[in-house]
Amino acid sequence: MSVATAGSRAQLVEKARHFPARTFIAYGVVASGVGAAVFFWALTTGQAARAWQSYHVNFMFWTGLAQGLVVFAATQKLAKGHWSGLLIRFAESAAAFLVVAVVLFLGLVLGRGYIFSWLHEPRPDIGAWLVSRFFFPRNGLILGALAWLSWRFVRHDVAPDVRELADGRAVDRLEGRDQIAREAAILIVGFAFGHSLLAFDLMMSLAHKWVSNLFGAFYFMGSFLAALMALAVLAIALRRRMGLAQLISAKQLHDLGKLCFGFTVFWAYLMWAQFLVIWYGNLPEETYFIFYRLIGPWRPVGVWVFLLVFVIPFVGLLGVRPKKYPPTFLAFALVSLAGIWLERYLEIVPSINGGAGPAIGLPEAGVTLLFAGLFLLAMGWFATRYPMISPRLAADTLQREAH
Amino acid sequence: MKLVNPLTAIFHPPPTPGVLGVFGHLDATVEAIGKLRHGGHTDFTVYSPIPRHEIEDALDQPVSPVRMFTLIGGIAGCAIGAWLTLYMSYDWPIVLGGKPVGSIPPYVVIMFEMTILFGALATILGILFNALFAARRLGTVAYDARFTNDKFGIFVPCEAARAGQVEALLRGTGAEEVRRA
Chain E
10 MSVATAGSRA
20 QLVEKARHFP
30 ARTFIAYGVV
40 ASGVGAAVFF
50 WALTTGQAAR
60 AWQSYHVNFM
70 FWTGLAQGLV
80 VFAATQKLAK
90 GHWSGLLIRF
100 AESAAAFLVV
110 AVVLFLGLVL
120 GRGYIFSWLH
130 EPRPDIGAWL
140 VSRFFFPRNG
150 LILGALAWLS
160 WRFVRHDVAP
170 DVRELADGRA
180 VDRLEGRDQI
190 AREAAILIVG
200 FAFGHSLLAF
210 DLMMSLAHKW
220 VSNLFGAFYF
230 MGSFLAALMA
240 LAVLAIALRR
250 RMGLAQLISA
260 KQLHDLGKLC
270 FGFTVFWAYL
280 MWAQFLVIWY
290 GNLPEETYFI
300 FYRLIGPWRP
310 VGVWVFLLVF
320 VIPFVGLLGV
330 RPKKYPPTFL
340 AFALVSLAGI
350 WLERYLEIVP
360 SINGGAGPAI
370 GLPEAGVTLL
380 FAGLFLLAMG
390 WFATRYPMIS
400 PRLAADTLQR
410 EAH
Chain F
127 MKLVNPLTAI
137 FHPPPTPGVL
147 GVFGHLDATV
157 EAIGKLRHGG
167 HTDFTVYSPI
177 PRHEIEDALD
187 QPVSPVRMFT
197 LIGGIAGCAI
207 GAWLTLYMSY
217 DWPIVLGGKP
227 VGSIPPYVVI
237 MFEMTILFGA
247 LATILGILFN
257 ALFAARRLGT
267 VAYDARFTND
277 KFGIFVPCEA
287 ARAGQVEALL
297 RGTGAEEVRR
307 A
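Protein chains in written order, with this note's numbering: chain E, 10 to 412; chain F, 127 to 307.
In isolation and in its complexed conformation, chain E is listed as follows:
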């Protein structure tokens, strides 16, 4: 019954070398090149506000997504998950983007005048918390610390596989398990604290005087949902390309689909928990945030976010078959990702665009392309240096699945 014989282990090592890193880099260069051109075009043709605001939207979306992917890998290590051995490295490769995100944070410092409303309307009631001299180093430090924690975790998990690919000898599945699990635990706690603070500072502070204790958790759980959907997209896109169609089985897609479905429900749960309290309290300083997004020009965006993130994936991924059949799973994952991007847009832009309605056009698409390209580039860079299939974890998954 065992698949983990020497032959198939060698096969796994062979497949690990077949990641289309060049394609990733080629697409990444084109996308980020075109995106950067559109971004600079928007900056120089008087659309600087829109360009910087969509830069901020994409920064929050892609940083959260990449961090969520690494944290997903950490949850698998901590819970001793055996089903995800073939997918886990796709998730871990997002650690490379986290380093890029620290650099991209400098963009927020550059475009701060267009993004951070409290620079024009100071908030003396909050004191020293929202002052540039404390604000930017603090958030940069959070991003840097999380990138370091993620990178440390991923590097230790990758190390045995690098050795296996170099000298061809099978490594022990449990090598360095305790250290990796410890680093995973620290990363998960760091993610919850760090990304709560990022959400409060970079997103909630934009809406003048609006306070929500849940906002941090809502942001990082939304990022985690985006990460699961992105992992589904990566797994489905790569399984044929890397010759893994037989190995990434319908069972594994079903498992991943269940997580996607579960966190879709959890997103709606948190959203409702937030909405209900604000509705009940009926305090003007809380309700304006919701009303502004559900009445008037922003209403279609608000309704679409609810449909794309919750209603469509909920109905679509309810059954077993849509989760096991790659095309439907891919379609619903992409719908959810589009919804989460729109959610970030809805959380950020209405607070800072001076009362205008939603405008999603060339500048927004261009900046999204820039970030997507950088994400692909970071993944491609990772793939040229490290094995994108972990033979030891994949063998474990296949061995257990063979029963």
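Keep in mind that a hint or two might mislead.
To be verified - Ranges between beta-carbon positions, derived for each pair:
| # | chain 1 | residue 1 | chain 2 | residue 2 | range |
| --- | --- | --- | --- | --- | --- |
| 1 | F | ASN256 | E | VAL39 | 54 to 62 Å |
| 2 | E | ARG308 | F | ARG178 | 26 to 34 Å |
| 3 | F | ALA202 | E | THR54 | 56 to 64 Å |
For the record, the hints were derived by calculation from the structure and aren't laboratory data. Because the structure is a prediction, the values reported are computed rather than measured. Beta carbons: idealized from backbone N, C-alpha and C, even for Gly.
Given chain E, put chain F in place with the hints provided.
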């Protein structure tokens, strides 16, 4: 004429004739299941002290009908939750905190909880019903207390004429003990 108590007929149906095999190893059990299915037996019962995917895969049973009970129970619970909250609000209307008498946002919570409660209760009922129907269909099948301890078991219902053949099959796949019931 002897009258049968209908409850006895449901809970203690008459014993079914057949062959009971006791297995010490999982592999032998899985092999026996495969051979029995290959030989055209469908209604046999397998006992296991622990849940194992291998047995599940070897039996390859159709999807349980219990999930339909869960679905119907959940939808009914959601509807009852909506009816309960709205009916009670309009039956004795009191304006609270300036909100509409029948206001949906808080009732969603009740509807959600009732969906779960009714879904769970319907699942238990579904399991009970299906177990009773199975008992009616299969009769009282032979059992051994060791099946909750350290042995696997297979009970194959068959008439006396074919029992010898089934006995040979079970012994051939490594049954430690075979007896007729």
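Structure-based check of each hint:
1. ASN256/F / VAL39/E: 54 to 62 Å: Hint holds: Cβ distance 57 Å, inside 54 to 62 Å.
2. ARG308/E / ARG178/F: 26 to 34 Å: The hinted range 26 to 34 Å is violated for ARG308/E and ARG178/F, with Cβ atoms some 54 Å apart.
3. ALA202/F / THR54/E: 56 to 64 Å: holds, 59 Å
When the structure is compared with the earlier hints, a violation turns up for hint 2 alone.
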